[in-house]
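Chemist: Listed below are the residues making up each chain.
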Amino acid sequence: MIAMNYRGPYRVRADRNAPMPEIKHPEDAIVRVLRSCICGSDLHLYHGLVPDTRVGSTFGHEFIGEVVEVGSSIQNLKVGDRVMVPFNIACGRCAFCRQELYGNCHESNPEATAVGGIFGYSHTAGGYAGGQAEFVRVPYADVGPTIIPDWMDPDDAALLTDVVPTGYQAAEMGGIQTGDTVVVFGAGPIGIMAAKCAWLFGAGRVIIIDHLEYRLEFAARYAQCEAYNFKSIGDPVVFLKTQTDSLGADVCIDAVGCEAAGNFMNSLLGRWMMLQGGSTTALHWAINGVKKGGIVSIVGVYGPINALLPIGNVLNKGITIRANQASVKRLLPRLIEHVKNGVLDPKGIITHRIPLEEVAEGYHIFSSKLDNCIKPILIPHHGRSNQKQTL
Amino acid sequence: MITDETRPEDFKNIRNLRFDHIKGWGIDADTKNDPTYPMKSRTDEEQEGYSWDRPELQQEDVEILKSVERPNLTAVFGTTAPPQGVSGDLRRMAFKDSDSSYGRWLPLVLADRIGMFEGIADDLKKGHVPNLFNEFGLGAEWKYNKKGFILKAAVGTAVVVGLVALIASRSKKKTARL
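As given, the protein sequences belong to chains Y and D, one line each in that order. According to the numbering used here, the first sequence is numbered sequentially starting from 1. According to the numbering used here, the second sequence is numbered sequentially starting from 1.
It should be emphasised that the hints constitute simulated quantities derived from the structure, not laboratory data. C-beta atoms are modelled at their ideal positions from N, C-alpha and C, and glycine is treated no differently. Hints are supplied without guarantee of correctness; some may be wrong.
Straight line, CA to CA, 27 angstroms or less: simulated DSSO-like cross-link-like pairs of lysine-lysine [what the hints assert, rightly or not]: (1) Y:231 <-> Y:78; (2) D:152 <-> Y:329; (3) Y:347 <-> D:152; (4) D:152 <-> Y:231; (5) Y:292 <-> D:143.
Sample of chain Y residues facing chain D (criterion: CB under 8 angstroms; computed from the structure) [claimed, not checked]: (6) 91; (7) 94; (8) 108.
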């Protein structure tokens, strides 16, 4: 089969002789992939920033597909079902899954305790092959995978496996109250979705900050929010104070993570020398730009080691920090309803549909922000025959 | 020597469920005062200790490196790219340290970089010469950013030519000294 194959930083290829996945556990299923996105967080792997990303790995944690084989214990799925597969691998019965913290499952990642298992996200997240392939092994297939409704567009379904729930949970964790001013750092797909979802919680004003003009224009249009380029507003924290009666925003959302631009020291230590768990510039601005007693919500991905943060200001301002990997399974029923009712239009952020065989170009386009790329989606050969019809 | 290496029997929570010797224990407890709500459902298991019936255990048919912060492997795990070669040895060493240690993560980053060269050697051993132009996705750079492509190509060529010239001049000096 064809599968994306990581060869080192900035180097991937479509391997035409990748081995077919096998059932390894009675609760596994094998899924034929119909759509698989490249996520902004895949770029952290692609750039070599996530420790224990081994050569030969296949990335991809946002995908949908058709079940072609099930393990002996599977009861809720059958061959032929078309499913969206949450990026979290969750057992459904450990203490954390029972609390609906499906992103924190304790039975899916033996290699690190801070993060649950994630498809195609290095051995730090369990060493699973990802969905940027024609077929993929899906553990705990009775728990995460959700049948795609007949009416749903496959592109919408693919985006419901990560980007929409993550953006939604970013806003949810912000504890947004009616009329709140919400600032989102990062106008990538997650930031745009977080800005869009902030309105659903009653935000009074939504501001998004980035440095890429084409993304800011897109965000302003798609999420109907204010958009500012941090390269033209001076110090972003001072700018936010000027916009909020000098007090700061009610809620700040970090949707950037470890590759934030805007501060030389952070970039040097976090991105180039890898001596801290990423560049924390966006988080720094979020902490300093939020009001006293405000909430900072983090969905940007950082590495596992220490990072520079103005933690004294967290204490002195009484800030609540809320963060987690999105609990996709918990959120899916609500988000499916939002798509059905036209409240959310996930596929509206897709800008590039790329054949799986051209995965290397797809990564380069997304990484280098070429051709005004917002969100690329990879389509294997058998997904292309389904491109126009709903599933 | 202090080591992070652990055995399954090292993981124990010895709980004392009696608090009657503490005056006022729990009088202001408020389960609703939970900043993680509504991100989690409360199960109120914190007091008695968490436990669950583990799923059937996946068979370990390739080498899996386990965090020392866990007593055992998780019930399922990925089996891609097991550790091998020099990078594998480094990874085995790194996993002797805890997840909260630099000794765990920095060697893994080094192992990743060594793995990149091992990958090239492995390709060549199999008779496959990597197509670096394609693997770096440079076709897209040419298609969408010709100016950048030419600039990068020029800088790359200059660096390579400079390095070759430097090495050549050093080896000439060495030969002259002999």
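Chemist: Would you mind marking each hint as holding or not holding in the structure?
Modeler: Now the hints, each set against the structure:
no., hint, in the structure
1, Y:231 <-> Y:78, "violated, 52 angstroms"
2, D:152 <-> Y:329, "violated, 44 angstroms"
3, Y:347 <-> D:152, "violated, 34 angstroms"
4, D:152 <-> Y:231, "holds, 25 angstroms"
5, Y:292 <-> D:143, "violated, 49 angstroms"
6, 91, "holds, 5 angstroms"
7, 94, "holds, 5 angstroms"
8, 108, "holds, 5 angstroms"
Checked against the numbered hints listed earlier, the structure breaks hints 1, 2, 3 and 5; every other hint is satisfied.
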